[in-house]
Structures are given as structure tokens and as C-alpha cells.
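Whenever a hint applies, use it, and build me the whole structure from the sequences.
2 protein chains.
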Amino acid sequence: MMNIAVAQSGGPTCAINASLVGVFKEALKESTVDAIFGSINGIEGMIDNHLVDMKSMILTNADMELLRQTPSTVLGSCRYKLPDWHEDEDVYIKIANTMKQRNIGAFFYIGGNDSMDTVNKLSEYFANIELDVKVIGIPKTIDNDLCITDHTPGFGSAAKYVATTMHEITRDSIVYSIPSVTIVEIMGRHAGWLTASSAVLHAMGETAPHLIYVPERAFSLDSFLSDVRQELSKHKAVIVAVSEGIEVPEGVQSGLVDNFGHKYLSGIGKYLEDIVRSEIGCKVRSIELNVMQRCSSHLGSKTDIDEAEEIGAAGVRCALKGNTGKIVVFKRISDAPYTVKIETANASDIANKEKFLPDEYINSAGNNIRDFALDYFMPLIQGDLNLVTEHGIPKHFAIHESVLK
Amino acid sequence: MMNIAVAQSGGPTCAINASLVGVFKEALKESTVDAIFGSINGIEGMIDNHLVDMKSMILTNADMELLRQTPSTVLGSCRYKLPDWHEDEDVYIKIANTMKQRNIGAFFYIGGNDSMDTVNKLSEYFANIELDVKVIGIPKTIDNDLCITDHTPGFGSAAKYVATTMHEITRDSIVYSIPSVTIVEIMGRHAGWLTASSAVLHAMGETAPHLIYVPERAFSLDSFLSDVRQELSKHKAVIVAVSEGIEVPEGVQSGLVDNFGHKYLSGIGKYLEDIVRSEIGCKVRSIELNVMQRCSSHLGSKTDIDEAEEIGAAGVRCALKGNTGKIVVFKRISDAPYTVKIETANASDIANKEKFLPDEYINSAGNNIRDFALDYFMPLIQGDLNLVTEHGIPKHFAIHESVLK
Chain A
1 MMNIAVAQSG GPTCAINASL VGVFKEALKE STVDAIFGSI NGIEGMIDNH
51 LVDMKSMILT NADMELLRQT PSTVLGSCRY KLPDWHEDED VYIKIANTMK
101 QRNIGAFFYI GGNDSMDTVN KLSEYFANIE LDVKVIGIPK TIDNDLCITD
151 HTPGFGSAAK YVATTMHEIT RDSIVYSIPS VTIVEIMGRH AGWLTASSAV
201 LHAMGETAPH LIYVPERAFS LDSFLSDVRQ ELSKHKAVIV AVSEGIEVPE
251 GVQSGLVDNF GHKYLSGIGK YLEDIVRSEI GCKVRSIELN VMQRCSSHLG
301 SKTDIDEAEE IGAAGVRCAL KGNTGKIVVF KRISDAPYTV KIETANASDI
351 ANKEKFLPDE YINSAGNNIR DFALDYFMPL IQGDLNLVTE HGIPKHFAIH
401 ESVLK
Chain B
1001 MMNIAVAQSG GPTCAINASL VGVFKEALKE STVDAIFGSI NGIEGMIDNH
1051 LVDMKSMILT NADMELLRQT PSTVLGSCRY KLPDWHEDED VYIKIANTMK
1101 QRNIGAFFYI GGNDSMDTVN KLSEYFANIE LDVKVIGIPK TIDNDLCITD
1151 HTPGFGSAAK YVATTMHEIT RDSIVYSIPS VTIVEIMGRH AGWLTASSAV
1201 LHAMGETAPH LIYVPERAFS LDSFLSDVRQ ELSKHKAVIV AVSEGIEVPE
1251 GVQSGLVDNF GHKYLSGIGK YLEDIVRSEI GCKVRSIELN VMQRCSSHLG
1301 SKTDIDEAEE IGAAGVRCAL KGNTGKIVVF KRISDAPYTV KIETANASDI
1351 ANKEKFLPDE YINSAGNNIR DFALDYFMPL IQGDLNLVTE HGIPKHFAIH
1401 ESVLK
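Those sequence lines, one after another, are chains A and B.
Going by the working numbering, the first sequence runs without a break in its numbering and finishes at 405.
Going by the working numbering, the second sequence runs without a break in its numbering and finishes at 1405.
Source of the hints: derived by calculation from the structure; they are not laboratory data.
Misleading hints may appear alongside valid ones.
[Claimed, not checked] Each pair of labels, with its calculated beta carbon distance range:
#, chain 1, residue 1, chain 2, residue 2, range
1, B, HIS1190, A, ILE333, 52 to 60 Å
2, A, LYS283, B, ASP1084, 23 to 31 Å
3, B, THR1060, A, PHE372, 30 to 38 Å
4, A, THR389, B, HIS1190, 27 to 35 Å
5, B, ARG1229, A, THR60, 37 to 45 Å
6, A, LYS283, B, ARG1189, 16 to 24 Å
7, A, LYS283, B, ASP1048, 14 to 22 Å
8, B, ASP1053, A, THR60, 54 to 62 Å
9, B, GLU1087, A, GLY366, 51 to 59 Å
10, A, GLY366, B, ASP1222, 45 to 53 Å
11, A, GLY383, B, ASP1375, 30 to 38 Å
12, A, THR389, B, VAL1388, 17 to 25 Å
[To be verified] Here are some of the chain A residues that sit facing chain B, going by a computed Cβ distance under 8 Å:
#, residue
13, PRO12
14, PRO71
15, SER72
16, ARG171
17, VAL175
18, GLU288
19, SER296
20, SER301
21, ILE381
22, GLN382
Every value quoted in this text rests on a predicted model; they were computed, and no experiment measured them.
Heads up, the beta-carbon is just placed ideally off N, CA and C, and yes, glycines get one too.
Shown next, in the form of C-alpha cells:
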């Protein structure tokens, strides 16, 4: 008998708790697994030996269903970058001690690119010190920018939020008799997947978004203004989707960086709003979808949440087969009928890499997404969750805030 | 036989189209009503004689259901302030000509405070020129700031959006191990109803929002910083709800004014974010709920949408009984079981007035909402719409954009 541990890392999504449920449920089925520990605040909990017994936290099937529908990371998160273990072994020794003390034979890390770096480093380190702990990565990120996997859990729900909200913003924007421009800023540091997904509105017969700008193409203010003027000649209310990560003149991005060296981006929408106001002079508004695009589980995609649970379970099976340093990934078999299978890849092939929008998804003017690309996005946003509500609003699974301190 | 006309005005909500459906359905039942005209862009359509035949626009019961679920104003909107007819009769003559030419015997105006001013002026003018056109106001505004009526259609859905989203933002905010402050800016120029409604989270067992600031109380930066520091000593992640309309030092509000002399407000959240960063120095973020709080019909409150339809129908009955210059209003009979009846009030008693949060709803420190006030808010957010979806996202009823031009 061995114990296992699971942790959640990086920016919240609607699907990370569903993957946690997937790990938990699958581990419950395994006769070789005894305790299931949840590590508080990602890898920080493993360093500090701050673990919770998940069997005493999740008691019923109703708890599991509620947790599946709860956004963000019930075990907390972190943005902790492990050092190179050849240079600085201290935290590795602490993590290894937690593994030994708690008799942990497998560790599951649910996260994005940075967490896959942790999976890679930990599996290498454990091999080096000959500690038999399997380390498996379970992908998540609304950015959808992990290599090898067809898509990442969390992306489908975020895309469903973006499409639904852009649709409603389109209704809101069109009401007045004067020309207007509405600029919607969407998350995505370097990859435009989420911004591009707003194009699914075109399948609803909407002309909006009339313009879509992603970081994969160079951004020119002159072209932007010319594009907006042209769309204003055709539509009274022009809707623009813009990724937070497009490159604009220096000084707009705040320049603050996080522990991984990522710049905190903000204000691109506001910046373009000011440019349109001064250069074109029409009514203009910018809207930041902010954290809502990553935590609006009331708009969770059933496809996404179901898949997130399945890939969590697949991670457990992968470890119990003796694998380590692996990431579970989706391989798409077909768009229609939508079919995916779960495979494994080496963490070293995924860590610290980014996957960008295929160039052919973007039109030649670099200001919209081609229709055929919708075949990729559309299956990921299908289906609704059967939401548990209380007092008229969706209920959440929550552990007491004191546990997370 | 006479014809009728209906128009929608002011800022979009999730319930304005439901009131339009209420007017339309009730008028269909009346043997004395022939054509049902929709005026494009509010009163502007009556001035320009730009009307659509609603019977050729709404063909089926499915159309009506879809329109009920569609946010914003399908007939367009306006922010047009009628002049005093004693001083400037020109537009009144144009409106009267449209009424006569189209044989319109009753005009229904769905809108907020400003639209009720239009109802009042038009009914006075028509009486003065002895033109027999009944003018009835049907209230709507997410601000909930109309006098006499218990609440306004559109408010319940906006409050449901605010509560659901604040709940999800709370989950999102609590994940990291470092102290943080999240400031959520909510609409409301002078009245704090929508901001106060975020307190319904307390009924879910949430401590968030930990601080709630409404325009009804004077705002002090010193007290705000002291409040935030105190909450940070109790909670790792402090969530603040703040109305866009709180008074902060001059220069923060942009100072632009609309046709009614209302200031365009923005950036209060961002302003407070900057203050917290410089004075307290912890992780801090501000989130503007922006137009999503008024157009997210995917989170529509069934109670709100049903009531919006009912009050539209009641407006038709009110006119056909021979009333004019009246507004249909809700009178609450009891909180539990929640019971309201529809009455009428004089437009002159509602126009250009605002209803504020009762002082006793606000705690003595002026930084939160008392629990007993939840009895008022809670019934208004109950029930979900049975959403019609297409391609995985809610479908909307839309007339071609060329009609609105």
C-alpha cells in the first residue's frame, strides 16, 4: 500500500477541480492506494509538508459533483518556480522528505507550462536520488498553449465564456443610433487561442467580432485604425477582440514581472480605446474580461469539465503502470463526430514550451480568424453543466479559508 | 380599431425585451388593437417615423421565448431628452404627426428615470393639443433607482449576475498563499442597490464581500484604508465591492457628461487599486463588471424576466382602461412567500427622481450591508431561464442590423 498526493498550480480555471476529482475518484478505485493527500498551495505544500487528507474533505458523491463545478483551485495554488536541482537542492530535499515521511508513491501536479517544468525537474531528481515516487503532470490552462496536447482542460470553458459574453456584448453594443467601437480585451500572453475562439460567433450568423487581433501576428496601429475605419463604413457597431498579449509601443504594458519572468499585462484595450477616441473620434468603449474568463464555472463547458475529470483519472492509471516524468495529453481523432483519446508525453517535451495558433487559422490581413478554424474550437465549448444552486446562485465546494492559510 | 407603438430606451438590461414581449402578447389578445409598431431607437423612431411592424418581426411563440431571453433592446435605444414643450414644440409636433399618420392610440415607453420624464411630458403635451394617445411608462433599469416601485425589471438579473460573479471571483482570489485585495467596481451612479446586492453572498456562508461601499454614504480614503487593513488582519484574500458612484477626490471621474447631464463614471476601482498598492503594498487587483452586469442574460433571473413580461402586459391593460401619463409599478406584499402586485403611479411622481438604498440597510461603519436587507434582494434573483442554445452558446433574437440604422 502506498499513499498519493495531488496539487494544483498556476492561474485558476473552471476545470482544475474536475481534474482533482478525476485523480481522487480513480485513486479510490485502486486497492494499492491508501491515503490521498492534497498539497496546499501547489508545490509549496510539498515543501512545507502542508497536506490535507482528501478522504476527510470529500465525503460524498454530491461533494465530488459540487467540486467538479467549483472554479479555481480548492487546494490553493502557487507560482513557485523550482530552481535547478544541480545548483540548489534545498527545496528538493524538503519535498523528498515529505514524500518519504508520508509514504507517498505518486505525485500528481495539475497545472500549465510552468507546472510541467516542475514535473520534469522532480522526476529527474527522484530518479537521481533513487526515490521511487512517480511524478505525473495533468495539464490545465485557459491559454491552451501547451505543446503536444490537442487542447488543455480549462480552455473549453473559458472559450465558452468568451463566446457567450462577446455575444451578449454584441447585443449591448448595437443599440444606439450612433457609430461605436467596442474593444474586448481577452487573456493570452503569447498565444491567441482564447481570443481566436471568439470567432465561434461567426457560426451563429454574427458579423461580430469584426476584427480579431492575436499575438501571433505583428500589430500595427496604422493598420488597426485603417481596419476600424473600414469596418465602421460597413457596421454601425464595430466589435473588436484583442489579446492582452499583442505588442504595442513600449510603456503600455506595465513591465512588472512574476516569478517566472512573465510580464503582467494589462490595459491594451484601454490603450486602443484612447487611440480610437483621439484618432477616429467616435463613441468607443473597452472591456476587460479579466478573471471572469477563467473562473465563470456557471458557464462551464460540459465537454471540458468531463474531459478534465477523465484526464485526471488517466494520470493515476499512468502512474500506477510505473510511469514517471509523463504528462497526460489529448489526441484528437476527429472533429465531427468529436473524438479524442488520452495519451502520454514526456514532461521534458512540454515543459517551458508554448504552442501557438496555427498560422493558417489567421486571415491574410492578420485581423480575423478563418472559418475552417471553427472546426477546432466548436467541439470544446459544447454542453452545459447541471449546476447545483443555492439561494438562486451556483453553489461552490469550499474548504475553510483557515486551511489555506 | 387602433394601432399601438412601443419603444425601448436608456441603458440595456436583460429584461427590456421581456417587457416588449409582454406588451406584444397582451396587445395580440385585444380585439381593439390592430397593428403593433416598434419604434426604432426609442423616441427617436417616433420623431423620425421610423417604425417596424412587430407582427412581421415576431412570428411564433418560439420567437417570443427567444426574445424574452435576449439581452439589450431589440428595437435599439436612445438617450434623447425631450425639451420642455412650452419652449420648443418642434419634436412634439413630429411625434404627434407620427401618432396621427399611423393611427396610434397608445404608446408604451420601456425605460428608466429619463424615459419616465418623456412619458410625463408627452402625456401632458397630448392632453394639451387634445390628441387621444395614451402614454404609459414601463419601468426598467439595473440601477433599481425608480421611486414608488418596489424594484425595477432588469435589476434582479443584474443582481444575479453580480452575486454569481462575485462568488466566482471570491474562489479565484483566495488561491495564493500571499495576502491580496480584490476590488470589484459595480454600476450605480447615485444609488447603491446593485453594489449592495452583492451582500447576498453572505447568505451562502461567504465572508466576502468583506467591504461594500455605496454612494449613499460619504466615502473617506482614510477609513477605506483602515477598513482594508483590518480585514487583511482577518482574511488572506479581502474582497471589496464598490459602486462606480462613490465620491472620490476630483479628477478621478472623467467628467464627461451625457445628454441628461450625467457624468460618465469609470476607473474608481482602478483608482482604489492604485491607492492600496501604494499605501498597503499587498497584491491588489481591480475588476470592472462593465456592461456584462447589464447584458448577461445567460444568468437572467426567472423571477425578473417573468415579472418584466407581466408588467409590460399590465401596461397595455392600463392604457386600454383609458389611463395616460401613468407608470406601472410593483408593490411588494411579502418577502416570504415572495408576493408582488402591479399597480399604477403618476409619471410625474417618478420622472427625474431617484430612490436610494434605505439608510438602515447600511451598517453603522458605512462599509457593509446588514443581513436583514437580504430579505429584500433575495427573492429578485431566484430561478433560471430555460435557455435556448445553438452551437453551445445561448441563442439570441436579432433583427438585421440594417433595420436599426
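Comparing the hints with the structure gives:
1. One distance hint, 52 to 60 Å for the beta-carbon pair B:HIS1190 and A:ILE333, holds here, with the actual separation near 57 Å.
2. Between A:LYS283 and B:ASP1084 the CB atoms are about 27 Å apart, so this pair conforms to the stated range of 23 to 31 Å.
3. The given range of 30 to 38 Å is respected by B:THR1060 and A:PHE372, whose C-beta atoms sit roughly 33 Å from each other.
4. With their beta carbons about 32 Å apart, A:THR389 and B:HIS1190 fall inside the hinted range of 27 to 35 Å.
5. Between B:ARG1229 and A:THR60 the beta carbons are some 40 Å apart, a value that agrees with the proposed interval 37 to 45 Å.
6. Separated by about 19 Å at the C-beta atoms, A:LYS283 and B:ARG1189 satisfy the suggested range of 16 to 24 Å.
7. With their beta carbons about 20 Å apart, A:LYS283 and B:ASP1048 fall inside the hinted range of 14 to 22 Å.
8. Separated by about 56 Å at the C-beta atoms, B:ASP1053 and A:THR60 satisfy the suggested range of 54 to 62 Å.
9. Between B:GLU1087 and A:GLY366 the beta carbons are some 54 Å apart, a value that agrees with the proposed interval 51 to 59 Å.
10. Between A:GLY366 and B:ASP1222 the CB atoms are about 50 Å apart, so this pair conforms to the stated range of 45 to 53 Å.
11. Take A:GLY383 and B:ASP1375: their Cβ atoms lie about 36 Å apart, and the range 30 to 38 Å holds.
12. Range check, A:THR389 to B:VAL1388: about 20 Å between beta-carbon atoms, so the 17 to 25 Å window is met.
13. Against a cut-off of 8 Å between C-beta atoms, the interface hint on A:PRO12 holds, since the closest Cβ of chain B lies about 5 Å away.
14. Taking 8 Å as the C-beta cut-off, the interface hint given for A:PRO71 holds, the closest approach to chain B being about 5 Å.
15. For A:SER72, the shortest C-beta to C-beta distance to chain B is roughly 4 Å, which falls under 8 Å, so the interface hint holds.
16. Residue-level restraint check for A:ARG171 holds (minimum Cβ-Cβ distance to chain B is 4 Å; threshold 8 Å).
17. For the restraint placing A:VAL175 at the interface with chain B, the shortest Cβ-Cβ distance is roughly 4 Å, inside the 8 Å limit, so the hint holds.
18. Against a cut-off of 8 Å between C-beta atoms, the interface hint on A:GLU288 holds, since the closest Cβ of chain B lies about 7 Å away.
19. With a cut of 8 Å, the hint placing A:SER296 at the interface with chain B holds, because the nearest CB-to-CB distance is about 6 Å.
20. Look at A:SER301: its Cβ gets to within about 7 Å of chain B, closer than 8 Å, so that hint holds up.
21. A least Cβ separation of about 4 Å between A:ILE381 and chain B falls short of the 8 Å threshold, and the interface hint therefore holds.
22. For the restraint placing A:GLN382 at the interface with chain B, the shortest Cβ-Cβ distance is roughly 4 Å, inside the 8 Å limit, so the hint holds.
When the structure is compared with the earlier hints, no violation turns up for any of them.
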